[in-house]
Amino acid sequence: MIASTKDSDELQLNAYCDGELDPLSATEFERRLANDERLKVRFDRLMSLRQAVRSLPQPEMPARLEGLIRKKLDAELPSNVTILRRRNWSFQSLAAAALFGAIISSSAMMTIAQYGQRENVASQVVSGHIRGLLAPQPFDIASSDRHTVKPWFTARLPESPQVPDLTAQGFALLGGRVDVIGHDPVATILYKHAAHTVSLTTLRPGQSVPEQTIAGYNVRSWSDGNFTYVAVSDLPSADLASFERAFAAAAPAPEIK
Amino acid sequence: MSVPIVQNKDDRAAFDEVFLPHLHEAYRLAQWLAGSSSDAEDIVQESALRAFRGIKTFGAVNARAWSLAIVRNTAFSWLAKNKPKTLVSINDLSPAEQRDLESEGPRGERVETPEESALLKANAEEVQKALAQLPAQFREVIVLREINQMNYRDIAEITNVPIGTVMSRLSRGRQLLMAHLGDRR
Chain A
11 MIASTKDSDE LQLNAYCDGE LDPLSATEFE RRLANDERLK VRFDRLMSLR
61 QAVRSLPQPE MPARLEGLIR KKLDAELPSN VTILRRRNWS FQSLAAAALF
111 GAIISSSAMM TIAQYGQREN VASQVVSGHI RGLLAPQPFD IASSDRHTVK
161 PWFTARLPES PQVPDLTAQG FALLGGRVDV IGHDPVATIL YKHAAHTVSL
211 TTLRPGQSVP EQTIAGYNVR SWSDGNFTYV AVSDLPSADL ASFERAFAAA
261 APAPEIK
Chain B
267 MSVPIVQNKD DRAAFDEVFL PHLHEAYRLA QWLAGSSSDA EDIVQESALR
317 AFRGIKTFGA VNARAWSLAI VRNTAFSWLA KNKPKTLVSI NDLSPAEQRD
367 LESEGPRGER VETPEESALL KANAEEVQKA LAQLPAQFRE VIVLREINQM
417 NYRDIAEITN VPIGTVMSRL SRGRQLLMAH LGDRR
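Protein chains in written order, with the numbering used here: chain A, 11 to 267; chain B, 267 to 451.
Among these hints, one or two may not hold up.
What the hints assert, rightly or not - Derived DSSO-like pairs (lysine-lysine); straight-line CA-CA distance at most 30 Å:
id, chain 1, residue 1, chain 2, residue 2
1, B, K347, A, K82
2, B, K387, A, K82
3, A, K81, B, K322
4, B, K349, A, K50
5, B, K387, A, K81
6, B, K349, A, K81
7, B, K387, B, K347
8, A, K81, B, K347
9, A, K50, A, K160
10, B, K395, B, K349
11, B, K387, A, K50
12, B, K322, A, K82
13, B, K349, B, K275
14, A, K82, B, K275
Said to hold, decoys possible - To be clear about the criterion: a stretch of chain B counts as covered by chain A if any three or more of its residues have a C-beta under 8 Å from a C-beta of chain A, and this derived list gives those stretches:
id, segment
15, 281-291
16, 311-318
Stated by the list, open to error - Pair ranges (Cβ atoms, derived):
id, chain 1, residue 1, chain 2, residue 2, range
17, B, E283, A, R42, 39 to 47 Å
18, A, E40, B, Q415, 38 to 46 Å
19, B, N426, A, R42, 32 to 40 Å
20, B, V327, A, L43, 32 to 40 Å
21, A, P67, B, P428, 29 to 37 Å
22, A, L87, B, E392, 24 to 32 Å
23, A, P72, B, E392, 54 to 62 Å
24, A, K50, B, G320, 46 to 54 Å
25, B, N274, A, P215, 23 to 31 Å
26, A, N130, B, T323, 26 to 34 Å
27, B, Q399, A, T223, 25 to 33 Å
28, B, A390, A, T223, 54 to 62 Å
29, A, S35, B, N426, 44 to 52 Å
Please keep in mind that the hints were generated in silico from the structure rather than gathered at the bench. Glycine included, each C-beta is placed from N, C-alpha and C at the ideal position.
Just need the whole structure built from these sequences, with the hints factored in.
Structure below.
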């Protein structure tokens with residue numbers, strides 16, 4: 011029984027457990043897992059081994075180590091510069107530094123404010139989509155199971171969206187990833203329609219992102235009480251519109267918090 | 267070394283931003299690779315120094331992988347120099363196993379495990395021991411995956427092997443672990 015197991019199975023099993031299978035293979039593997047009891051036993055066993063390793067007591071770094079390292083690195087810096095700096099240390103320079111800091115941080119705040127501009131949001135969402143397509147896989151967590159994707163988001167983000175499976179409507183759930191828009195990590199849900207990938211990024215509610223085309227990708231946005239959704243895909247905009255309808259119909263219930 | 271590279275304050279600031287945030291993780295990795303806390307301290311200190319001196323080589327892509335790669339490489343060179351006997355390496359394996367590991371995927375048989383029970387009944391001490399006994403190439407991928415929770419791509423970057431090799435090492439390493447733990451009962 012064991013010897014008959016193919017090694018490619020073993021690699022797939024490992025990759026699936028690690029969330030590293032490409033979307034199609036993951037879906038296929040889940041189907042096999044549901045029908046193959048021996049495979050299921052090996053899956054459970056592997057997961058229990060992973061759990062055992064993960065729950066090992068972790069060594070804590072002695073607190074003094076960081077101080078030691080800082081001291082060592084200080085010694086690497088040219089010492090005369092340090093001395094000079096120390097001598098010049100005064101309230102005057104302190105005040106100048108504070109003023110300078112204030113200028114820097116106000117200009118940083120202006121940059122952050124610019125992120126709020128909706129064109130910028132749209133283009134950042136598209137960038138996330140493109141980056142996802144360039145990566146070996148467009149998601150951080152691969153699963154066609156909404157009960158896997160949703161908790162994955164919940165564990166990472168303060169607000170996590172509903173993750174409906176829209177396979178019946180022609181949009182198969184691929185998985186999810188975390189994108190960073192402005193400086194906020196946000197949930198992006200991935201769907202597949204024929205050979206096309208749809209990234210659905212969920213932003214704070216109440217933002218308006220106009221329908222547009224960026225770098226050849228169609229952008230469509232809508233909001234409900236919980237989120238502003240931005241869908242990006244190379245699908246024609248009519249298909250994105252039916253995606254919106256399917257998603258809105260499937261995820262109407264407000265999140266209970 | 268003829269002319270020492272002079273580090274300036276910018277380098278120090280870059281170091282603080284790139285390497286320091288991963289110090290705890292660096293220590294953890296070093297500890298698992300070296301198997302001793304005092305060795306881990308030495309390794310982390312040396313890694314920090316190396317990272318600082320090489321901070322200009324940081325490509326501004328993945329600070330965590332860059333930092334841990336330095337720790338990993340420092341750990342192996344440190345161990346080779348100071349504790350050559352503790353470093354169970356791939357070179358201690360049979361030629362067939364070695365070929366297997368360096369190939370894109372395992373071609374040999376699966377490691378036979380005495381019983382295929384679904385749940386592993388091993389306590390932490392046994393797991394720790396079994397992990398410590400694995401050859402370094404298996405141990406590092408398992409530690410990077412489970413303890414540092416890196417994805418395959420980052421593990422490949424840190425260990426400087428193709429992703430296919432990471433996959434086969436992980437798979438084989440886990441089988442070996444299970445076999446070890448099975449033998450123990």
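Here is how each hint holds up against the structure:
1. Distance check on the hinted pair: B/K347 and A/K82 sit about 22 Å apart at the alpha-carbon level, within 30 Å; holds.
2. Taking the CA atoms of B/K387 and A/K82, the gap is near 45 Å; set against the 30 Å cutoff, the hint is violated.
3. Annotation: proposed proximity of A/K81 to B/K322 holds, straight-line Cα distance about 20 Å (limit 30 Å).
4. Restraint check for B/K349 and A/K50: the C-alpha separation of about 42 Å exceeds 30 Å, so the hint is violated.
5. With a CA separation close to 46 Å, the supplied pair B/K387 and A/K81 exceeds the 30 Å bound.
6. Restraint check for B/K349 and A/K81: the C-alpha separation of about 26 Å stays at or below 30 Å, so the hint holds.
7. A C-alpha spacing of about 37 Å is found between B/K387 and B/K347, which places the hinted pair above 30 Å, so the restraint is violated.
8. The hinted pair formed by A/K81 and B/K347 meets the criterion: a straight-line CA distance of about 25 Å does not exceed 30 Å.
9. With a C-alpha separation of about 23 Å, the suggested pair A/K50 and A/K160 falls inside the 30 Å cut-off, and the hint holds.
10. Using a Cα cut-off of 30 Å, the hinted pair B/K395 and B/K349 holds, with the two alpha carbons roughly 18 Å apart.
11. Annotation: proposed proximity of B/K387 to A/K50 holds, straight-line Cα distance about 18 Å (limit 30 Å).
12. Proximity of B/K322 to A/K82 is assessed by CA-CA distance (about 19 Å); at most 30 Å being required, the pair is judged to hold.
13. Distance check on the hinted pair: B/K349 and B/K275 sit about 35 Å apart at the alpha-carbon level, beyond 30 Å; violated.
14. Simply put, A/K82 and B/K275 have alpha-carbon atoms about 14 Å apart, close enough for the 30 Å limit, and the pair holds.
15. Chain A is given as covering the segment 281-291 of chain B, and this holds because 4 residues of the stretch bring a CB closer than 8 Å to a CB of that chain, at least three being needed.
16. Given a C-beta distance limit of less than 8 Å, the hint that chain A covers the segment 311-318 of chain B holds, as 4 residues qualify and 3 suffice.
17. Under the hint 39 to 47 Å, the C-beta atoms of B/E283 and A/R42, about 45 Å apart, fit the expected range.
18. Evaluation of the 38 to 46 Å hint for A/E40 and B/Q415 yields a failure: the beta carbon distance comes to about 22 Å.
19. A hinted range of 32 to 40 Å for the beta carbons of B/N426 and A/R42 is consistent with their spacing of about 33 Å.
20. Between B/V327 and A/L43 the C-beta distance comes to about 35 Å, which sits within the given range of 32 to 40 Å.
21. At roughly 33 Å, the beta carbons of A/P67 and B/P428 sit within the given window of 29 to 37 Å.
22. Look at A/L87 against B/E392: about 47 Å separates their beta carbons, and that is not inside 24 to 32 Å.
23. Range check, A/P72 to B/E392: about 27 Å between beta-carbon atoms, so the 54 to 62 Å window is missed.
24. Between A/K50 and B/G320 the CB atoms are about 47 Å apart, so this pair conforms to the stated range of 46 to 54 Å.
25. One distance hint, 23 to 31 Å for the beta-carbon pair B/N274 and A/P215, is violated here, with the actual separation near 46 Å.
26. Under the hint 26 to 34 Å, the C-beta atoms of A/N130 and B/T323, about 32 Å apart, fit the expected range.
27. Roughly 58 Å separates the CB atoms of B/Q399 and A/T223, a value that falls outside the hinted 25 to 33 Å.
28. In this structure, B/A390 and A/T223 meet the distance hint of 54 to 62 Å, their C-beta atoms being roughly 55 Å apart.
29. Range check, A/S35 to B/N426: about 26 Å between beta-carbon atoms, so the 44 to 52 Å window is missed.
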